[in-house]
Amino acid sequence: MAKKLHENICDEIRFNALFKKHAKDLSNFLYYKFGDHLNPKDKTQDAFIKLWENCKKVAPDKAKSYLFTVANNLMLNEAKHHKVVLKHQQTKPKHHTNESPEFVMEEQEYMQKLQSALSSLTDAQRTAFMMNRVEGKRHKEIAELLGISTKAVEKRIYGALKKLREDIKEL
Amino acid sequence: MKQEDLIKKWLDNSLNSQEFEAFKTLEAFDELTRLDNALQQFKPQDFESNTELEKLQFALKKRTKQQHKWLKPFIQIAAILAICVGFYYFTSNLETNFNTELAQKENILLPDNTTVKLNAKSALAFNNKNWKSSRAIDLTGEAYFKVSKGSKFTVHTSVGDISVLGTEFNIKDRDNLFEVVCYEGSVKVDYNKISRILKPGESFLVLDNKVVEKPKTKNTSPFWINNESNFKSMPYSQVLAEFERQYNVTFSVNDIDANEVFTGGFPHNNLDNALQAITIPLNLAFTKNNNKISLKRE
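Chains as they are written, first to last, in numbering that gives the first Met the number 0: chain A, 0 to 170; chain B, 0 to 297.
I should point out that these hints are in silico values taken from the structure, not numbers from a laboratory. Fair warning: this is a prediction, and the values are worked out from it, not measured in the lab. Treat each hint with caution, since some may be false.
Below, a sample of chain B positions facing chain A; criterion: calculated Cβ distance under 7 Å [said to hold, decoys possible]:
| no. | residue |
| --- | --- |
| 1 | L5 |
| 2 | K7 |
| 3 | L10 |
| 4 | L14 |
| 5 | A37 |
| 6 | K42 |
| 7 | P43 |
| 8 | F46 |
| 9 | S48 |
| 10 | E51 |
| 11 | L52 |
| 12 | L55 |
| 13 | E178 |
Result set (BS3-like, lysine-lysine): computed pairs, CA atoms no more than 25 Å apart in a straight line [claimed, not checked]:
| no. | chain 1 | residue 1 | chain 2 | residue 2 |
| --- | --- | --- | --- | --- |
| 14 | B | K23 | A | K154 |
| 15 | B | K145 | B | K128 |
| 16 | B | K42 | A | K63 |
To list a few chain B residues with every Cβ distance to chain A over 10 Å, as calculated [to be verified]:
| no. | residue |
| --- | --- |
| 17 | Q44 |
| 18 | G149 |
| 19 | V210 |
Where a beta carbon is used, it is the ideal one built from N, C-alpha and C, also for glycine.
Go ahead and model the full structure; you've got the sequences and the hints to work with.
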């Protein structure tokens with residue numbers, strides 16, 4: 000076995016590099032999975048603080064999964080009774096529009112349907128699906144982040160898409 | 000290719016151009032495009048890695064400071080304890096001190112009822128706390144002891160130790176002069192390597208580091224107890240030194256042999272009488288100027 004370059008991440012430079020590499024993914028992951036109201040950014044901070052405190056115990060190659068697990072648990076402690084709602088950004092009203100009022104209203108309705116359809120997906124489905132659709136991440140990257148197989152990611156994403164389409168049609 | 004496979008490939012962004020054309024013709028294409036566009040609005044808030052990192056570093060710094068907070072009360076307690084222990088140690092070893100200035104005498108009663116008379120310009124110190132286990136006194140100058148019976152009583156001086164069981168004796172430890180006179184009981188004197196036991200009336204005298212034999216005295220207490228100084232064959236310098244101590248004056252001496260031997264005494268309560276007492280026998284004349292006295296041969 001090759002000798003590890005660094006025994007731990009108790010070093011500001013290495014720790015900061017780790018933050019830059021994983022913090023955004025972690026924050027977004029928490030957002031997709033648990034929604035916005037539990038403040039994924041704060042939980043990301045907390046997870047990194049916890050990592051810093053335990054930096055001697057966590058091997059560098061385990062740091063990522065440690066972070067995701069800790070943040071996930073922090074969220075779960077609070078999330079038990081909340082329903083996940085993803086906020087869609089307010090579309091800015093355009094100054095001049097050719098769209099008819101009917102079209103605008105239909106659009107709004109569609110967004111609402113989509114929102115509730117997203118809420119009714121499972122956490123696992125929604126997380127993988129949003130990573131794929133919103134951030135354009137490929138299946139392989141998602142599989143790495145979540146620590147599951149590519150096949151499972153594909154299954155989750157396709158399942159999510161199928162369910163969304165059905166739900167939107169029904170509503 | 001089946002619709003499902005195409006959609007799966009589209010999801011993985013891995014359609015080639017041919018497949019993409021096929022995908023476009025799918026019935027679900029419009030619906031999927033619309034869904035995909037709508038989903039873009041669910042983007043999470045931008046994550047500024049740098050500002051978030053600054054926040055984290057700030058939080059971590061605050062945290063390390065907080066972690067040290069528990070230390071503070073411990074340090075405070077430790078400091079108080081250290082002060083208490085230090086104070087106790089200091090006071091328990093602190094000696095009780097008595098000092099007399101020039102032209103001043105003092106009577107001291109020790110814890111065991113031993114009485115000590117301290118002559119002028121002398122100092123006495125003893126440890127009150129350890130008194131019961133060891134009766135020991137540090138002395139500089141001159142003092143008369145009436146030791147009550149009990150365990151060994153020791154007086155440490157700059158040149159020698161005197162130990163007794165219960166007796167009366169006088170110690171004089173001045174510059175170039177060390178004298179112990181026993182008046183009652185017996186006294187043991189350790190001076191350098193000499194050890195001598197004194198019986199009543201006997202004395203031990205060291206002048207300029209030389210032991211001098213002296214005849215027995217018949218007095219029952221030293222003269223200075225009765226406000227007099229008495230000398231028997233003493234160098235004149237010692238007489239003047241004692242005079243200075245008793246009257247707080249200074250002598251300036253012209254062409255007088257300081258080693259000339261003097262026998263006699265002077266009272267402690269009358270300066271003029273005292274001056275006459277020490278000058279007339281040697282045919283000296285004195286002139287007084289405040290606290291300065293000059294001596295001349297007549």
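According to the definition I'm using, a residue is off the interface if its beta carbon is farther than 10 Å from all beta carbons of the partner; does V210 (chain B) meet that for chain A? Given that every Cβ of chain A is farther than 10 Å from that of V210 (chain B), nearest at about 77 Å, it holds.
Let me know if the C-beta of P43 (chain B) comes in closer than 7 Å to any C-beta of chain A, holds or violated. This hint holds: P43 (chain B) lies near chain A, its Cβ roughly 4 Å from the closest one there, short of 7 Å.
Are the Cα atoms of K42 (chain B) and K63 (chain A) separated by 25 Å or less? holds, 23 Å
Let me know if the C-beta of K7 (chain B) comes in closer than 7 Å to any C-beta of chain A, holds or violated. K7 (chain B) check passes; min Cβ-Cβ to chain A is 6 Å, inside 7 Å.
Next pair to validate is K145 (chain B) with K128 (chain B); report whether the Cα-Cα distance is within 25 Å. Measuring from Cα to Cα gives roughly 21 Å; hence the hint holds.
Starting from K23 (chain B), check that the Cα of K154 (chain A) is at most 25 Å away, please. This hinted pair holds, its Cα atoms lying about 22 Å apart.
Taking the closest Cβ pair, is A37 (chain B) under 7 Å from chain A? holds, 5 Å
Close enough to count: is the Cβ of S48 (chain B) nearer than 7 Å to one in chain A? holds, 5 Å
Could you check if L14 (chain B) really has its C-beta closer than 7 Å to a C-beta on chain A? violated, 12 Å
Given L10 (chain B) as an interface hint, is the shortest Cβ-Cβ distance to chain A below 7 Å? holds, 5 Å
Far enough from chain A: is every CB of that chain over 10 Å from the CB of Q44 (chain B)? violated, 8 Å
Double-check F46 (chain B) for me: the hint is only fine if its C-beta lies closer than 7 Å to a C-beta in chain A. Cβ of F46 (chain B) sits 4 Å from chain A, so the hint holds.
Hint compliance for this structure: hints 1, 4, 13 and 17 are not met, and every other hint is.
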